[in-house]
Amino acid sequence: MEALVTALRTRHAELKSQNDRTVRLGVGMENLLKPVEDGMRIEREREAAESASRRMDFGVRAEAGKGDEEVGTVGGQRSK
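Its first residue numbered 1, the sequence shown is counted upward by one per residue in the UniProt record's numbering.
Nothing false has been slipped in among the hints.
Derived DEER-like restraints, expressed as beta-carbon distance ranges: (1) 4 with 31: 36 to 42 Å; (2) 27 with 50: 33 to 39 Å; (3) 44 with 7: 51 to 57 Å; (4) 5 with 37: 41 to 47 Å; (5) 54 with 22: 44 to 50 Å; (6) 8 with 43: 50 to 56 Å; (7) 54 with 20: 47 to 53 Å.
It should be emphasised that the hints constitute simulated quantities derived from the structure, not laboratory data.
Yeah, the Cβ is synthetic: ideal placement off N, Cα and C, and Gly gets one too.
All chains should be built: construct the whole structure from the sequences, respecting the hints.
So, in structure tokens, the structure goes:
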């Protein structure tokens with residue numbers, strides 16, 4: 001019976017050591033990926049901001065005639 005307990009303790013120690021190595025490897029991989037993921041997130045946010053800026057650009061680069069259409073008012077009169 002004592003031999004079985006010793007074998008189980010040995011196996012437990014081996015598995016614990018293997019698990020510790022796996023956890024350290026996983027944490028290391030997460031640390032390597034975090035800057036990449038952050039960079040990808042920043043790039044997506046930048047692209048979204050540029051896209052929104054292009055859609056909202058009513059300045060000198062706006063297309064000719066845009067915004068010239070008639071608009072109704074509360075009093076029912078048409079305004080240009």
